[in-house]
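Protein chains in written order, with my numbering: chain A, 1 to 158; chain B, 159 to 316; chain C, 317 to 398; chain D, 399 to 480.
If you're looking for bench data, these hints aren't it; they were derived computationally from the structure. Keep in mind that a hint or two might mislead.
As the list claims (entries may be wrong) - Straight line, CA to CA, 27 Å or less: simulated DSSO-like cross-link-like pairs of lysine-lysine:
id, chain 1, residue 1, chain 2, residue 2
1, A, Lys148, D, Lys462
2, D, Lys438, D, Lys456
3, C, Lys384, C, Lys318
4, A, Lys32, B, Lys253
5, C, Lys387, C, Lys339
6, B, Lys227, B, Lys211
7, B, Lys253, A, Lys148
8, C, Lys339, B, Lys306
9, D, Lys462, D, Lys418
10, B, Lys304, A, Lys149
11, C, Lys328, C, Lys356
12, C, Lys356, B, Lys227
13, D, Lys462, D, Lys438
14, B, Lys304, C, Lys374
15, A, Lys146, D, Lys421
16, A, Lys149, D, Lys462
17, C, Lys318, C, Lys356
18, D, Lys438, D, Lys421
19, B, Lys307, C, Lys328
20, A, Lys135, D, Lys456
21, B, Lys227, C, Lys374
22, D, Lys410, A, Lys149
23, B, Lys304, A, Lys135
24, D, Lys410, A, Lys135
25, A, Lys53, B, Lys307
26, D, Lys400, D, Lys456
27, A, Lys33, B, Lys306
28, B, Lys307, A, Lys81
29, B, Lys304, B, Lys253
30, B, Lys211, A, Lys32
Residue-level listing of the chains:
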Amino acid sequence: MAKEKIFCNLSISVQELDFDIQYEIDNIKRRKKNFGGLASFLGQVRDSAENDKTLLFLELEHYPDMTEKEITSICNDALGKWELHDIRVIHRVGKLIPGDNIVLVLATSSHREEAFKAVEFIMDFLKSRVPIWKKEHYENNSSWVKSKKSDEELLSRW
Amino acid sequence: MAKEKIFCNLSISVQELDFDIQYEIDNIKRRKKNFGGLASFLGQVRDSAENDKTLLFLELEHYPDMTEKEITSICNDALGKWELHDIRVIHRVGKLIPGDNIVLVLATSSHREEAFKAVEFIMDFLKSRVPIWKKEHYENNSSWVKSKKSDEELLSRW
Amino acid sequence: MKILYFAWLREKIGVSFEEKEIKAVTVIGLIEELVLLDEKYSIAFSDLSFIRVAVDQKLIQDFKTSIKDAKEIAFFPPMTGG
Amino acid sequence: MKILYFAWLREKIGVSFEEKEIKAVTVIGLIEELVLLDEKYSIAFSDLSFIRVAVDQKLIQDFKTSIKDAKEIAFFPPMTGG
């Protein structure tokens, strides 16, 4: 199949505000009625079951001048690998409680496999290549979330 | 990691009506506030660019007594393979125009990889194992969509 | 026995289902029996590689599958859902 | 030069950024220079396997990377986004 260069719409937000998936999809539809297939991932703040402590809230710190740049660079890598129509990434920062949305990645493509791969690729790199750090706050203490070796190892598959 | 048996909520609809992703996600949240990660795929009716003909509408026929049973069986296979909290599948039938939603698959899991794999697995089997057939209607003619060898071949990866 | 047809098979046979007294005890036997009845069946079943079959709403892979106790046989083309 | 710290590095150093006249010409040179200044730096930088570095907002892998023309160096722990 000849790889035609497609204009891809890339939109990235790092924000404290919550988001609405249907609104984001409608935005994509408004620009391009026919996106074919849309793959997505939505990440939430989980209750940390560690030590039976109840997570009060999560605090997400980031490097403002760098965060969007890094996410853009990851998305551009994805565009070089797969035929995509749209990429939308929203990453929340600040204080979030269990059940809150943290991250949304949407990718559209005429080929569903490419949309899936792009979302997985972007999620993998968001986990360990974007300057964002999570701190868990409990009743009597708080601790920075440790990076997982498994997250780092996942990058080698791309 | 010990595989704990998790109660999974499975919900399948085959319907003419449209759907709203945010509503479906909110439904999942209402049952379980903390789902961790949610992977999804949304499929749309595309303009068929074949022969420069404009697709007027798509007609989806199905085998009502069997469709939901088959989708349930596919989802149960997914539950046997991955640790999932929720699966939601909506497949539309009847007359649909370009840009309309056709199919939605949502899967939640504490492990994002498992959610992604489940959605891809279900989509692959929906394509060639569920008794649904598409007919494309153009200005002066209509034709049944041919099954793709590539869709059949994808099944071997699972 | 109730025999159902979907998609272009339904269009070629001209009905979405029919009730028939049949003698055949396998899927392939049923197809052969139908083909003798009317030309529309021989046209519809001319290439079995395009025919998929469900016996009592379960997909079967082998055309030699028994239909002795079956209530409902469905014939249809390869599926194109998703 | 502007030096930034994030997450637990920020907490250990006690500031989110500082302006410093520095002599070092590489990342590792800068770390060594800081460590000599105050114990808080030697505590923060005691295990470099937990230190990630961005030079002018670009992640670098090699601590020998030059910082001669750099305006902004950031030190932080492994990232935990997503």
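- Identify every previously stated hint that the structure contradicts and give their numbers, smallest first. 6, 7, 8, 10, 12, 15, 23, 25
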